[in-house]
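Visitor: Read off the chains here:
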Amino acid sequence: MFFEMSNVTKSFGGLVANKDISVEIAEGEIVGLIGPNGAGKSTMFKTVTGFHIPDSGSISFGGKDITKYEPNKICQVGISCTFQKSQLFSALTLEESVLVGAYCRHKRKSQALPLAHRMIEFVGLGGKEEVKISKLNMFERKKAELAAALATEPKLLLLDELFAGLVPTEVELMLELVKKINEEFGTALFIVEHVLRVIMGICTKVYVLEYGQLIAVGTPEEVTSSEVVIKAYLGDDDFYAATDIKS
Amino acid sequence: MRSDNLLRRERLLHPLTAVSLALVILAAFVPIFGDRLMMNIAIMAMIYIILGHSWNLLTGLAGMFSITHALFFGLGVYGMSISVAKFHLPIIAGLLVGLLINIVMSAIVGMIGSKLSGLYFVMAQVGLSQTIYTLSIQLFPLTGGVTGLSMPREYLMDKSTLYWIALILAILTTLAFAFIRKSRMGTMFVALKENPDLSLSLGSNVGKWRIMATVMSASMASLAGSFYALFMMSNNPEVFSMVISLKIIIVVIVGGIGSVWGPIVGSSLVVMDELIRGIMPTTMAPFSVIIYALVLIIMAIRHPEGLISIGRSIGLKLEGKSMKKVSISK
Amino acid sequence: MGIDTFINIILNGILIGGVYGLVASAFTFQAGALQIVNFSYGSSTMLAMYLTFFLIKEWNIPIVFAVVILFALFFTIGWIMRRTILNNTNHGTQILTTMAVELVIINLVIIFFTGFPRDMAIFEKRINITDTISVGLTQLICFFLAAAVLVSFHLFLNKTWAGMSIRAVVQKKEIANIMGINSERIMDLAFSISYLIIAIAGIMLMTMFQVEPHFGNYMMTISFLVCVTAGIGNMGGSFLSGIIIGILSALITTLLGAQFHDPVLFGLFVLILLVRPNGLFNSSKRIARQI
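Residue numbers (the numbering used here), protein chains in the order written: chain Z, 1 to 247; chain D, 1001 to 1330; chain X, 2001 to 2291.
Only chain Z is shown next, with the shape it has when bound in the complex (with noise of 0.2 Å):
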């Protein structure tokens, strides 16, 4: 399999925030993870880019074991991510933010520039080069981070919430992004997200965690009218909200 993750526990303290968690993903495949705040989306999120090592279980990528990897070196092995509320590098301008991502694959500023501008291209930031990052606004900055995390030409991306806080028109524009960054790289993407409804257009499969477990799997048809996660949600606004079953 191309990205495995069989029986993940992780715990802190006596919380267990992922409890006996697997997933699978294809090569180029888009898959989503939604699930209420406070179901464990971030911890997991987190055990995949390394920052937390698991309790127990493992995860695989490419025939490789990367458990205990640190996160600089399972960016090189070709995971990359984006984060849920994150600052970028506000004292550097977006070409150098996008090369730190860029000097990844490649050593040299010669090389990595090309890389850092070409993504930069395909975000649609293109003559923003020099603008400081605090200079950007919410929706440039996402897509600057998006370029970032491109520029490590990753095989596999991470999205943590990265429609959160846009407005319905930005939505779109990243939807189509993400469809781009599928189709043009051939990457794989595990979006994850706390409403259903943004990614269902574009997601084969979806995983539903609630309470640190993984309580359905399926396409989005599939899980949005399974029992179990309608049991589940039943009484969730944000449930019946993320899946427009209410209407």
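Please note that the accuracy of each hint is not assured.
To be verified - Here are the in silico distance ranges between beta carbons for each label pair:
1) X:Pro2117 / D:Lys1115: 52 to 60 Å
2) D:Arg1302 / Z:Gly63: 52 to 60 Å
3) X:Glu2174 / Z:Ser134: 26 to 34 Å
4) X:Phe2065 / Z:Gly13: 23 to 31 Å
5) X:Thr2089 / Z:Met138: 24 to 32 Å
Just so you know, the hints here were simulated from the structure itself, not pulled from any lab data. By construction, the Cβ of each residue, glycine as well, lies at the ideal position given by its N, Cα and C atoms.
Guided by the hints, dock chains D and X onto chain Z, whose structure is given.
Guide: Structure of chains D and X alone, referenced to chain Z:
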């Protein structure tokens, strides 16, 4: 609007280049017209420019708060003076010995810095620095104890030769700083200062870069130290003192942290201080230290949230000020 | 070395260590509870020692008045420092400014009192436990006084309204504000009180050590060592680890020689920081904000 900003920055760069050229030309005149006192003052200013760049690299760029920077400077001094005065090695060997000791020490500091942060890192530095300071006094046969060693007369150099060496070293370190800032290393340094987590997840080996920053910075300080040993022709434990560390920090902060111009602008403070001390009797020396300290305290009162944050309140002062003026006039 | 000498060394170490603990406890209170990192701490102690010496020895002021003057002065110093330069939460700024204050204090001491080392030259009355084992009377008094100060400070924090306000502000400033506590005033008060402890510690240290303007650096590193051994913010623990450091320091001096005392002790400090930055006794991350 944005192109407007860019234009303004372009224009702003020009006066700076002009100023730097003027500075270099002015500096060239010192050995011709200046007397010994002038030359001594200029050399001290150059030394602080080098040290300033060194501190600026470590704290301004990489964001590792170096509080006992005189440690690296002092090791450079001792490396040079011990190998020259005790073992009669050539000057270049003294330089290398200082560099070597510094690389070892800075690797240790860097390792501590990549493990500990904030207050703990600062405390560890104070502990290390105190250890080395007491060792420099206790290891009397090697270091000459409290009075220090004095170097043989054949190493004595002409004042103007020393001056030129200092000038070249200062220019070289300035260029090195500017180059590093624009290179891969500089980008990585600022990135890890601004957001270590994101740097990590973008594949940057934060621990390695922290050690790298410390080693680079210590090497610069070591150069300044070795030169200082040749300039003073002796050593004493006071080169490790807090006063020197604080002077370095003040020089950079006054000039603007994180910017190439910081140490150069800030070294004017050293010139003033040395001028005053050259005129006043030596018993007044404590007052000059108090003045330094007061400068720092006043700056802290004016900028309570972040004496050491890059580009925000006081960093990059030259640019920041002009921007502010524009916004007010609008 | 006989067993008696050994016991004498240990006893001596314990007694001095108690005072070390008191000195460090004020630092640990400032840094851990109040979140104010005060690097002028060592030189403040040194200033207290000098003032004690001059008030009592040179200007012949009766001890009670001298202590009152010292308390008033240090309370004011603490208050002024907190109001002017330490009313921010940025550790970097705090460290830099207090280092500047340290230089001001050291150089003012050099200007007014000269750099000449001073000593109270107290004739130490020995209390004999057995024929060969004895302890110094002043040291013994200081030790118990240090313990008493710490206990009463603990009681102050737990039993009085002012103390409880301090704890409230330290734990949750916003909530304390809502409850009608002026958190800024309370922080001022807490910081000034920690300066009273410094004054007391200075008086005690003056009876044991000879003081010179850079004595503060030494005292500060010792406090760091004590604090880190106990875990920053742990006041009770700092008294205990002060005693441990005292014993260790006495042992190093006698076994290895005085010249190795500082390098070994300070090297040990860096080592502890690297291996257990949260303190030797703290199990994991139970650190900081505990009073």
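Visitor: Now, for every hint given, state plainly whether the structure supports it.
Guide: Here's how the hints hold up against the structure:
1. For the pair X:Pro2117 and D:Lys1115, the supplied restraint of 52 to 60 Å is violated, since their beta-carbon distance comes to about 38 Å.
2. At about 58 Å, the CB distance of D:Arg1302 to Z:Gly63 agrees with the hint of 52 to 60 Å.
3. For X:Glu2174 paired with Z:Ser134, a C-beta distance near 27 Å keeps the hint of 26 to 34 Å intact.
4. For X:Phe2065 paired with Z:Gly13, a C-beta distance near 55 Å fails the hint of 23 to 31 Å.
5. Between X:Thr2089 and Z:Met138 the CB atoms are about 27 Å apart, so this pair conforms to the stated range of 24 to 32 Å.
Checked against the numbered hints listed earlier, the structure breaks hints 1 and 4; every other hint is satisfied.
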